[in-house]
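Relying on the hints, combine the two individually framed chains into one complex.
For the protein sequence lines, the chains are X and A, in the order given.
Position one of the first sequence corresponds to residue 64 (my numbering), numbered consecutively onward.
Position one of the second sequence corresponds to residue 20 (my numbering), numbered consecutively onward.
Please keep in mind that the hints were generated in silico from the structure rather than gathered at the bench.
All clues given are correct.
Derived PhoX-like pairs: lysine-lysine, alpha-carbon spacing no greater than 25 Å straight-line:
id : chain 1 : residue 1 : chain 2 : residue 2
1  : X       : K285      : A       : K51
2  : X       : K285      : A       : K38
3  : A       : K72       : X       : K238
4  : X       : K285      : A       : K39
5  : A       : K25       : X       : K399
6  : A       : K72       : X       : K244
7  : X       : K244      : X       : K309
8  : A       : K72       : X       : K248
9  : X       : K139      : X       : K159
10 : X       : K189      : A       : K51
11 : X       : K212      : A       : K72
12 : A       : K39       : X       : K381
13 : X       : K116      : A       : K25
14 : A       : K38       : X       : K381
15 : A       : K51       : X       : K212
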Amino acid sequence: MKIKKIIVSILSILFFSAFAGIANADCGKVVVANQNWASAELMAEVDKVILEKGYGCEVELIPGATMPTFTSMDEKGAPDMNPEQWANAVYEPLNKAVDEGRLVIANKAPITGLGEGWWLTPGSIKKHPELKGMNAVEILKHPEWFPDKEDPSKGAFHGCPAGWGCQLANANLFKAFEMEKKGWKLIDPGSAAGLDGSISKAAESGNTWFGYYWNPTSIVGKYGLVHLDFGVPYAGDENWNGCIVKPEQECVDPKPSAWIVSEVNTIITSKFAKQGGKDIVKYIGNRTYPGSVMNGMLVWMADNQAGGPDAAVEFLSKHQDVWTKWVSSSVAKKVKAGL
Amino acid sequence: MEFFTKFPVMERVSLMELKKGIDLSFRLFSRKYGDAIESFFDPLLFFLVWLEKLLLTTPWPIIILVIAILAWFGSKSWKLVVGSSIAFMLIGYFGMWNDCMATVAIITVCTIICISVGIPIGVLMSKSDRVEKAIIPVLDMMQTIPSFVYLVPILMLLGIGKVPGLIAVCIYALPPVVRLTNLGIREVDKETLEACDSYGATPFQKLTTVQIPLSLPTIFAGVNQTIMMALAMVVIASMIGVKGLGVPILRAISNQYLALGLMNGLAIVALAIIFDRITQEYGRRIQKHRGTTTKK
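Chain A on its own, in the form it takes in the complex (with noise of 0.2 Å):
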């Protein structure tokens, strides 16, 4: 009967000791490499830190006046210059500037990095099926694992500060770039692909000047999927050390503070909803651009 009701563990002692090996050897691991690994990621908190000094010693109109360009190109439509222009205007004047400023630098290079290694791994995925099959696991991992479980051995690592936090709001943000442009590659018309061969194209310029010009749309969905991420993590991110405005969120919690966490994480809405708005908006401009040329 016991057998039944209850169910066979390991023992112990022994789980102890494995969960203890595993520990050790990770330890021990970071003493070894620890320094090399944090020396690794110097330039980009040198990059980081750069970005957030510039962000917050830059006059806010000036700020604000770049964001309402970005928004213009982004989008093309007033309506969105205003609002965003709006939207930070409030931000600072209810005294979360330089909690915002930190959060638009940790999301901008976040998304920097992501792009910058996602798209490559994307397309790696779209040209084979079995590295395909052996990163979506992975992907599914990375988006599922709870983030406390991996800021352990990133804080064993690197201690706590911007760039573990980085790593920790990439790992996150990571996936949606690579789903998507593996997507979409692979979802570029067969027959234009068959065009391209009959005339002779590498498959370098079959992809360079088709396939991923052909599914930027896709690609840029997922862009503003990771930015929403990224912006999703930030409170996690603060809980190892990193300025913006998950810190003010964490105190609101602990203390019960309302109005504090409620505004700050009005903020991140805010901030979620201009970047999103601006991303898409471009998203669909370059789609258009595309039906219009095949009309023609």
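Extracted from the complex, chain X is given alone in its bound form (with noise of 0.2 Å):
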């Protein structure tokens, strides 16, 4: 009797158990790219804090950067889902795979209030006050005001980390502007840690610096960064499509041109659009982070050394105006209820 009382009772245990796996298993194994800077780890740890507490979806991260991860996501359908893809790298093939299916843009503008520039250390300003107010092409004329370390007759303009979208893009524009000519050196700083410490390095000791950097970023908040005007136009998209995001050997003419106003989309694959349903899509399309709130956040992450999970974890609880209006309300206290 008693034995029998204790296989029923695991029998049930299974059962329900099982059940609930099936109940959760309707979104199912989603991966998802982790992008290699601050706002993508965060949003990207948010979504699967999201999908998985309010969707029942299983979400895997996986490391990424723009230029493989949409490679792959276009190649082979994998990553599902890129929460912060720079549109502007990849305009032509993301044209491309959308028209024919492959990919969907679930959200055009994910976060507000960002751009890609040249931007100046405040240090530059103060030891240059000639600097306030002065835009790119002023700039330009004074190398001798941004001194490189190891050519100290050159200016140093920091461009892109290699293998970045905008390293091309720089590459170009250093062209146009004729830079070289006028006594600029571009330099590459490396990787992400390389631009990054470049900056600090010079904000903390309050050198000059100048160089390419975007917004929304724990760097541009913390050091207060200045952004340049070009002092030219957008020279218009077929100069910047066609030559300046191209490699030097594509773009033999570029012409001077202020950065495209920049484009950062969510995309997904049509497969995961399908698989995830309505519900996931529309969350992904209502989901804005404001840039106030992102810079917010990733000072606090830059000030708390903390990675996306604990990141995620602030932001679902310090800002839940803002993300419960992404989702319906019994979503939301799902969400809340798993923190």
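This is how it looks when you write it as structure tokens:
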């Protein structure tokens, strides 16, 4: 008798847990790209929590970066989702993939108020007060204000690390503005850590620094980097998409241009759009981080050395007014309960 | 039950405070002394820039000639001389000459630094068991700690560029020469040393005229390993703004340029093989010389 009871209870436990598994499985397994910079990490981790707790998905995060992740999604259909795809770098192939039905742009602006461009450290303006209010074209006449450590006769312009989409754009703009002739040197900082390191080193010691960066980032917020006006208008899509973002040998005659207005998307594979269902696609479409909130989160992450997972918990508990608007109240309840 | 399934973890807030504290104190340190440390390394930077410029401005046939002569004096083998000349010509022909020269410059300076720092440390270690015990764990750490970990403090102190890259490479490449110097001196024949003592040699005479010459082949194996490890670090150094063959490799990794990565990777392999064969042959020749003298 006793044994029978035990067997029955074990069976029923197994049954219910299996049933619970089925109930959770309607979303299935989702692979989300966790790209190697802070805002993308935060978004990936927040998506992970909301999709897992709110929609019952089983989310796996895999490391990524702009170009490799896009190529993999386009060619292999995996990962299923890239929360923060910088679209300028992949403008043409992305349009093609959307037209041919491989990828879906699920959110056209997941973060507001962002942009790429050229920046100065505040120390630069303190050292050379003339810089105040200058635009990029005017600054390019004064390489002597930004001497390069290894060759002080040249001005140092910090471009993008090798392999980032912006590396090509900066190299071509360097050519378009004839910066070499004007006495500048394009510095490849080598990696994200190298670029950030060069900025924080300059900002901490009050030195001059001139180069490429983007917003929203903790670096911009923390050191108060000054965004520069280019001093020339945006010279059209043909110049930008047909030349500036192409490898040097494919861009023979780049024209000076302001940076293109940045477009960031959340892209998902069409397979995931079908598998995930309307609710999830709707959530992704609603999910817009206000720029100020994102910058605040990034500074918090940097100050606390928090990785994506900690930051996601912080965001979900401190900014409920933001994210509860993205989902239905029942999903919001489930997510809150799961925190 | 929970005690067994969940590892007792330090409280999240205090863990965060601890990490923040370590960071803040290092940041204060680098704010205070960063510029001084940077200017301490200025002569090194000057030398490195000078060497790279020299290699780049010298006409390529002269460079290849110099390498061929070095190969001849190192190995006395025609095969190596011809092989290394062809390898360098191929590197140049495929458009990697400038990157290759930048890499050769940094490897050369790194090797000089490692030898001039490593051999004295190795000698000290061989003289005292206590020093050996203290230094071996440090060497273990230098070889195994992931290089990305020490890139962060190096970046904070020195920014990006050649010198921080050089230091990152040296941290990884220094241990073999230290270890093998220590080993080589310790392995010198006891009877030979007794003979020295009986002739009344001072410890310094013993070291310079007997121990170091007799352990040269082992020390040379260490130098050889140091060069190999420095070459292996070229890509990592490129992550903090060092020019050279590592830069196109980084570009190839993130853009999936197969051919670009392969060509530059093979160029590093070619450099490694040339340096390795020349130094190894040289080491073997010193040994041979020793072998013949003992026969006499």
